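Each residue of the sequence shown is one higher than the one before, starting from 337 at the first, in the numbering used here.
Among the hints, erroneous ones may be present.
What the hints assert, rightly or not - Lysine to aspartate or glutamate pairs mimicking EDC-like chemistry, simulated, CA-CA at most 16 angstroms apart:
1. Lys556 to Asp383
2. Lys509 to Glu398
3. Lys366 to Glu398
4. Lys480 to Asp513
5. Lys467 to Glu398
6. Lys480 to Asp522
What the hints assert, rightly or not - Across the chosen pairs, the derived CB separations fall in these ranges:
7. Thr404 to Val540: 26 to 34 angstroms
8. Asp373 to Val400: 14 to 22 angstroms
9. Gln430 to Ser515: 49 to 57 angstroms
10. Ser515 to Arg455: 24 to 32 angstroms
11. Gln531 to Lys480: 47 to 55 angstroms
12. Tyr434 to Gln370: 12 to 20 angstroms
13. Pro550 to Thr453: 20 to 28 angstroms
14. Thr435 to Glu350: 47 to 55 angstroms
15. Ser470 to His447: 19 to 27 angstroms
16. Gly548 to Lys362: 35 to 43 angstroms
Source of the hints: derived by calculation from the structure; they are not laboratory data. Treat the numbers as computed from the prediction; the structure is a model and nothing was measured. Glycine included, each C-beta is placed from N, C-alpha and C at the ideal position.
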Amino acid sequence: MMIFRSDNKQLGLEMIRDTLTKIIEKHQSKDDDQVRDYIGASIIGSDCLRQIWYEFKGTKAESVPTKTRRTWAIGKKLERLIFGWLKDAGAQVQVHDYTHHAKDMPYFQGHFDGLITVRQKLSILEIKTAKDASFKIFVKSGVKLWNPQYFAQIQSYMGMSGIHSTYILVLNKDNSDLSDELVLFDEEYYQQLEQKALMISTAVIEPPRINGSPMYFKCKMCKFNKVCHI
Numbered sequence: 337m338m339i340f341r342s343d344n345k346q347l348g349l350e351m352i353r354d355t356l357t358k359i360i361e362k363h364q365s366k367d368d369d370q371v372r373d374y375i376g377a378s379i380i381g382s383d384c385l386r387q388i389w390y391e392f393k394g395t396k397a398e399s400v401p402t403k404t405r406r407t408w409a410i411g412k413k414l415e416r417l418i419f420g421w422l423k424d425a426g427a428q429v430q431v432h433d434y435t436h437h438a439k440d441m442p443y444f445q446g447h448f449d450g451l452i453t454v455r456q457k458l459s460i461l462e463i464k465t466a467k468d469a470s471f472k473i474f475v476k477s478g479v480k481l482w483n484p485q486y487f488a489q490i491q492s493y494m495g496m497s498g499i500h501s502t503y504i505l506v507l508n509k510d511n512s513d514l515s516d517e518l519v520l521f522d523e524e525y526y527q528q529l530e531q532k533a534l535m536i537s538t539a540v541i542e543p544p545r546i547n548g549s550p551m552y553f554k555c556k557m558c559k560f561n562k563v564c565h566i
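Using the sequences and the hints given, assemble the complete structure.
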């Protein structure tokens, strides 16, 4: 009777792993992180003024882990996929390739994903992805409570562009559920964001930290952790 064995060790073979993974990791570890010289709409909602100031000043930060780079890249690919779904469904959508800035504030800029026309009204289209637990919060509570930084980002886009409505469409990365919300412009809140950007842009020294400990959960996730907590 012939016995077939699938155990590599029993066959006298050594298991060889992660050859291709190492090739990818080595290549992606060489990628340079983009340094900004402006205050972006995507960061203005941060509750750490120092983090925003470091970003604006182009401060050298810790290199972004390759795993995080891949997560961002997947998110960008999914955005294009969702655009395709909307087009296939007959929606009037277009990718937006222009950068906007606040009036008389060229250092406060934003670049949103696209535009969509619904019931003959033009709106900004912003696409996000989220894990299941986070997605459920968005569905239950809306973007303002789900992610205040995303809410500030959207309000900045509307204030800069003069397009005063935004559809935020979120994909659940765990089960492919979709949900969206129509967000309207809050002029008073946007003016607060402009004042925040002005204050940071004119600061000659580092603004206060959000917390004095480098182990504070938001500080631990910040790429400026080692620069800030020296």
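query = If you check each hint against the structure, which ones fail?
reply = When the structure is compared with the hints, numbers 2, 4, 5, 9, 10, 11, 13 turn out to be violated.
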